[in-house]
Amino acid sequence: MNFLLINFFLISILLITTFFIFKSTSLIGIVALTGAFTLVCAAIYVNLDAVDVAFTEAAVGSGISTILMVMAVAKLPEGKIKPLVNLFPSLIISVCIVIILMVIISNLPLLGDPNAPIHLHVTPEYIKESESFFHIPNVVTNILASYRGFDTLGETIVIFTAGLGVIALLTGNTLNRKTKFTKKLKK
Amino acid sequence: MIFFAALSVLAIAIILCIIRAVKGPTPFDRILSISSIGTIIALGIAIHGFAFQRPEFVDISLMYVLLNFLGTIAILRFYKIKGKKING
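Heads up: the sequence lines are chains A and B, in that order. Residue numbering for the first sequence follows the working numbering, starting at 1 and increasing by one per position. Residue numbering for the second sequence follows the working numbering, starting at 188 and increasing by one per position.
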């Protein structure tokens with residue numbers, strides 16, 4: 001009962017926030033509301049007992065991405081944005097997606113069901129064997145760094161490339177720097 | 188019963204903060220409103236831990252408050268460095 005009540009409370013706050021994100025016309029206000037949205041998402045993850053995911057969400061979603069978005073907004077020229085006029089096609093698409101997801105949800109196993117397929121396939125072997133294979137007591141670390149080591153390496157490369165792109169976009173105006181450099185060369 | 192009362196008070200507080208984030212005339216109002224929404228969420232996690240008899244949730248809510256504080260400080264520091272006008 002309490003679990004349901006907390007979920008109801010958090011998801012209704014998410015709905016209100018989404019509505020205001022659509023209605024708002026100031027960019028920094030939209031950034032602020034997105035930060036609030038990710039914080040509420042983190043609270044939902046805590047409610048589902050996924051504390052590590054919630055921490056990542058709170059640190060990345062509400063911390064770093066909000067700062068990056070504020071930096072990007074500061075780069076933009078001044079002026080007001082135009083509110084969206086025709087919301088009808090996007091409304092139809094989102095209603096269709098909601099209906100499809102509702103149909104799929106009714107086929108999923110219940111939350112925390114021990115006979116769900118995800119708990120029967122490879123997880124028991126990981127729990128039994130991983131410590132004797134790699135001599136690391138933490139099962140999650142074993143899976144991420146040993147069983148799926150190449151996968152994690154690829155993810156790291158992707159995130160590194162994304163970080164390089166963000167730095168290249170947000171730091172200073174490279175054009176002026178180039179012209180100064182070329183002037184020095186000409187002298 | 189006290190749990191329902193606490194949750195409803197938190198809901199009202201979050202809705203007031205969201206209204207401030209939507210209406211707020213200056214960017215600082217909006218930043219303050221996200222920061223206070225983070226504090227309210229941390230309070231909610233602490234209440235959640237109390238209701239489900241899990242005292243270790245207080246640690247999680249403390250970490251949330253620290254992260255939230257760091258984010259706010261970083262945004263304000265960015266304002267101080269750039270000193271640029273940002274669209275209301």
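I should point out that these hints are in silico values taken from the structure, not numbers from a laboratory. Incorrect hints may appear among the rest.
[Claimed, not checked] Which residues of chain A face chain B? A partial, calculated answer using Cβ under 7 angstroms:
1) Ile21
2) Leu33
3) Phe37
4) Val46
5) Gly61
6) Ala72
Virtual Cβ for every residue (Gly too), placed ideally from N, Cα, C.
query: Per the CB criterion, is Ala72/A less than 7 angstroms away from chain B?
result: It is violated, given that the least Cβ distance between Ala72/A and chain B is near 11 angstroms, above 7 angstroms.
field: Interface restraint verdict for Gly61/A against chain B (beta-carbon cut-off 7 angstroms)
entry: Status violated, d = 10 angstroms.
message: Holds or violated: the hint that Ile21/A contacts chain B, with Cβ atoms closer than 7 angstroms.
response: violated (9 angstroms)
- request: For the hint on Leu33/A, just tell me whether its beta-carbon gets within less than 7 angstroms of chain B.
  value: Leu33/A check passes; min Cβ-Cβ to chain B is 6 angstroms, inside 7 angstroms.
- request: Let me know if the C-beta of Val46/A comes in closer than 7 angstroms to any C-beta of chain B, holds or violated.
  value: holds (6 angstroms)
- prompt: Do the numbers back the hint for Phe37/A, that is, is its least Cβ distance to chain B under 7 angstroms?
  reply: violated (10 angstroms)
Hints 1, 3, 5 and 6 from the list above are not met by this structure, while the remaining hints are.
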